[in-house]
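The hints should help you fit chain U onto chain Y, whose structure is shown.
Chain residues, written in single-letter form:
Number of protein chains: 2
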Amino acid sequence: MQFDSLDDIRAFCRDLPAGDAGAADAAALRQQTLTKPPGSLGRLEELAIWLARWQGREIPKLERVTIAVFAGNHGVAARDVSAYPAAVTAQMVANFANGGAAINQIAGLTGAELRVVPIELEWPTRDFTVAAAMDADEFLSAVDIGYRTVPPDCDLLAVGEMGIANTTTAAMLCAALLGGGAVQWAGRGTGVDDAGLARKRAAIEAALDFHRAILGDPLVVAAALGGRELAAIAGAVLAARRHRIPVLLDGFVATASIVPLTHLDTSILDHCRAGHVSAESGHRALLRELRLNPLLDLDMRLGEASGAGVAILLLRAALACHAGMATFSEAGVSGADK
Amino acid sequence: MQFDSLDDIRAFCRDLPAGDAGAADAAALRQQTLTKPPGSLGRLEELAIWLARWQGREIPKLERVTIAVFAGNHGVAARDVSAYPAAVTAQMVANFANGGAAINQIAGLTGAELRVVPIELEWPTRDFTVAAAMDADEFLSAVDIGYRTVPPDCDLLAVGEMGIANTTTAAMLCAALLGGGAVQWAGRGTGVDDAGLARKRAAIEAALDFHRAILGDPLVVAAALGGRELAAIAGAVLAARRHRIPVLLDGFVATASIVPLTHLDTSILDHCRAGHVSAESGHRALLRELRLNPLLDLDMRLGEASGAGVAILLLRAALACHAGMATFSEAGVSGADK
Numbered sequence: 129m130q131f132d133s134l135d136d137i138r139a140f141c142r143d144l145p146a147g148d149a150g151a152a153d154a155a156a157l158r159q160q161t162l163t164k165p166p167g168s169l170g171r172l173e174e175l176a177i178w179l180a181r182w183q184g185r186e187i188p189k190l191e192r193v194t195i196a197v198f199a200g201n202h203g204v205a206a207r208d209v210s211a212y213p214a215a216v217t218a219q220m221v222a223n224f225a226n227g228g229a230a231i232n233q234i235a236g237l238t239g240a241e242l243r244v245v246p247i248e249l250e251w252p253t254r255d256f257t258v259a260a261a262m263d264a265d266e267f268l269s270a271v272d273i274g275y276r277t278v279p280p281d282c283d284l285l286a287v288g289e290m291g292i293a294n295t296t297t298a299a300m301l302c303a304a305l306l307g308g309g310a311v312q313w314a315g316r317g318t319g320v321d322d323a324g325l326a327r328k329r330a331a332i333e334a335a336l337d338f339h340r341a342i343l344g345d346p347l348v349v350a351a352a353l354g355g356r357e358l359a360a361i362a363g364a365v366l367a368a369r370r371h372r373i374p375v376l377l378d379g380f381v382a383t384a385s386i387v388p389l390t391h392l393d394t395s396i397l398d399h400c401r402a403g404h405v406s407a408e409s410g411h412r413a414l415l416r417e418l419r420l421n422p423l424l425d426l427d428m429r430l431g432e433a434s435g436a437g438v439a440i441l442l443l444r445a446a447l448a449c450h451a452g453m454a455t456f457s458e459a460g461v462s463g464a465d466k
Numbered sequence: 129m130q131f132d133s134l135d136d137i138r139a140f141c142r143d144l145p146a147g148d149a150g151a152a153d154a155a156a157l158r159q160q161t162l163t164k165p166p167g168s169l170g171r172l173e174e175l176a177i178w179l180a181r182w183q184g185r186e187i188p189k190l191e192r193v194t195i196a197v198f199a200g201n202h203g204v205a206a207r208d209v210s211a212y213p214a215a216v217t218a219q220m221v222a223n224f225a226n227g228g229a230a231i232n233q234i235a236g237l238t239g240a241e242l243r244v245v246p247i248e249l250e251w252p253t254r255d256f257t258v259a260a261a262m263d264a265d266e267f268l269s270a271v272d273i274g275y276r277t278v279p280p281d282c283d284l285l286a287v288g289e290m291g292i293a294n295t296t297t298a299a300m301l302c303a304a305l306l307g308g309g310a311v312q313w314a315g316r317g318t319g320v321d322d323a324g325l326a327r328k329r330a331a332i333e334a335a336l337d338f339h340r341a342i343l344g345d346p347l348v349v350a351a352a353l354g355g356r357e358l359a360a361i362a363g364a365v366l367a368a369r370r371h372r373i374p375v376l377l378d379g380f381v382a383t384a385s386i387v388p389l390t391h392l393d394t395s396i397l398d399h400c401r402a403g404h405v406s407a408e409s410g411h412r413a414l415l416r417e418l419r420l421n422p423l424l425d426l427d428m429r430l431g432e433a434s435g436a437g438v439a440i441l442l443l444r445a446a447l448a449c450h451a452g453m454a455t456f457s458e459a460g461v462s463g464a465d466k
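Protein sequences, first through last, are from chains Y and U.
466 is the number that the working numbering gives the last residue of the first sequence; the numbers go up by one with no jumps.
466 is the number that the working numbering gives the last residue of the second sequence; the numbers go up by one with no jumps.
Excised from the complex, chain Y in its bound form (with noise of 0.2 Å):
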């Protein structure tokens, strides 16, 4: 395993890789030197630029794009939080398998591979209103599941989920690491009705009060109130910093699964970008939170990746422009003259 205990984890995120200075500023000079008014491509030459510091080069690529969804089952489902049965995440799995879902068409549109992995979903955690949902070893083993997901040499990664009531797992993971309780951080999800929400706050409420003891450790936080999914993530998202390969986050879940590693330090995010804000209702206050500006807003509430992976079309769209596009002394045209 890449992480045998919480404290490799920990010493991961005490020393993490950094991006390659001399290529974000040479990409950034490029721009400087394109046919458009400077700054005129918005995010969209920052998004050229953040691809270059982190894979170290002035021209990034985009060849080899990987989508990874991870899925996991949840005991606080039991509660019955969520508006579908549990058995859909098994059933979602097959239809990932066999090519029916959005982030299968997402993905061909894209170009990018798409990695499902289903983890262990006839063992559901333990319901965290009464139990730790994971112990330690069981955490890491999902982190572990998640590192090994990630192609050493891929040239971006985008990340997302699925997993019958794991939006009360997002939020129960916001409410234990940054405060606010159940009502800031618990939403629809995929669709409950005015019952079903309060069922998914007291659960949440609950919980908090069960595990007061362990809230001031991140990491024991994500065992003890996380999920399956969420923990291979984390652990997607510290391969993807070991190889410096940028990476996109999908919605509510995605992005709650790397407030733990937030709390080490909060430079993880800087090789991240929000693919999107979704309309769960607590994602748009966890990217304020945590100083992401999402590339779309387009009230997409599905996860699966399918944001990540609309979002991978807006880094095709700067590619092609930084790399394809001619500069001033090339095609003869007048800088401003002021």
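Just so you know, not all the hints are guaranteed correct.
[Unchecked claim] If the Cβ cut is set under 8 Å, some of the chain U residues that face chain Y in the computed set are:
1) A156
2) Q160
3) K164
4) S168
5) R171
6) A211
7) V216
8) N223
9) A225
10) A230
11) I234
12) M428
13) L430
14) S462
15) A464
[Stated by the list, open to error] Label-pair distances were calculated between CB atoms; the ranges are:
16) A139/U to A215/Y: 56 to 64 Å
17) G236/Y to P279/U: 22 to 30 Å
18) G236/Y to P166/U: 19 to 27 Å
19) A264/U to S457/Y: 39 to 47 Å
20) T455/U to E241/Y: 23 to 31 Å
[Claimed, not checked] Now the stretches of chain U that chain Y is said to cover, found in silico as 3 or more residues with beta-carbon under 8 Å:
21) 421-427
22) 438-446
23) 449-455
Keep in mind that the hints were calculated from the coordinates and are not lab data.
Where a beta carbon is used, it is the ideal one built from N, C-alpha and C, also for glycine.
Just chain U, lined up with the frame of chain Y:
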């Protein structure tokens, strides 16, 4: 010519072609059957239904996508309202022809056909601070050029422009037809300094005074205070409506180009979506005024259809999901259990 007089345009706008409600309903029903919680693809669902409405097909297609970029020069450029010399308009048209501009890269990425249409660049419109920029015949000629640029069989049209000083012209049309004065609508365009911005505002205020007698007639305003590329965009939007082709509008100038038409009938916007909201300061206010909800917000302010071009990618994502996803029954996935 399609429109021999301003009255011909007025007559067309009194009886605008409608979309296909049956196709839109069928597309909306289809969305309900796909393997995702209802509404969870957010605006991607709305976009698929909108394409269906205007193409008249439950499953739309995006085989022939046309990006039209119209270029014109402006007499008001002599008032020193831009950061760039007027010669840049023709230089950028040459850059488009040589494949070196941002829109060339974006068109290539999106699989769109790019049509660049320079309109009498050697004959700028007259300076509207002291004269009518165009008379009715000049205006109708530019509208006709735009109209004829649209392939009647294309599946989607994205419209944009190039023209040094044309954010002044766009702000002029907004100030003339929407009120609010120069301060609300004039921004920094390609990057004019404080003194240039002051000259821009002064030009608009001077023209509002000079032309105060005609401000009640939107098409006369479009001629006297507009520009050739703006008139061509209006013509292209009219052609698209005639042929029921959905349209993506680019930034501030492209959107301002159709303000005169919205004064004839606001439903002219029904076959249009705002591809993005530009960083040019007037655009967000203009979109709000027109109740257009932009698809992207990436701080772009380049024009040349670049924002609308990137938004084509979102339509491709919407269509890929709409056309390719499995239904709940095909995939054996359980529905919501409430």
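A quick look at each hint next to the structure:
1. A156: 16 Å, violated
2. Q160: 13 Å, violated
3. K164: 5 Å, holds
4. S168: 4 Å, holds
5. R171: 4 Å, holds
6. A211: Status holds, d = 4 Å.
7. V216: 5 Å, holds
8. N223: 4 Å, holds
9. A225: 10 Å, violated
10. A230: 5 Å, holds
11. I234: The hint holds - I234/U has a Cβ within 8 Å of chain Y, the shortest such distance being about 6 Å.
12. M428: The hint holds - M428/U has a Cβ within 8 Å of chain Y, the shortest such distance being about 4 Å.
13. L430: Holds, about 4 Å.
14. S462: 5 Å, holds
15. A464: Cβ of A464/U sits 4 Å from chain Y, so the hint holds.
16. A139/U to A215/Y: 56 to 64 Å: 60 Å, holds
17. G236/Y to P279/U: 22 to 30 Å: 27 Å Cβ-Cβ, so the 22 to 30 Å window holds.
18. G236/Y to P166/U: 19 to 27 Å: Because 23 Å falls inside the window, the suggested range holds.
19. A264/U to S457/Y: 39 to 47 Å: Holds, since A264/U and S457/Y (Cβ atoms, about 42 Å apart) stay within the stated range.
20. T455/U to E241/Y: 23 to 31 Å: 26 Å, holds
21. 421-427: Coverage by chain Y holds for the stretch 421-427 of chain U (5 residues, Cβ < 8 Å).
22. 438-446: holds (count 5)
23. 449-455: holds (count 5)
In summary, the numbered hints that this structure violates are 1, 2, 9.
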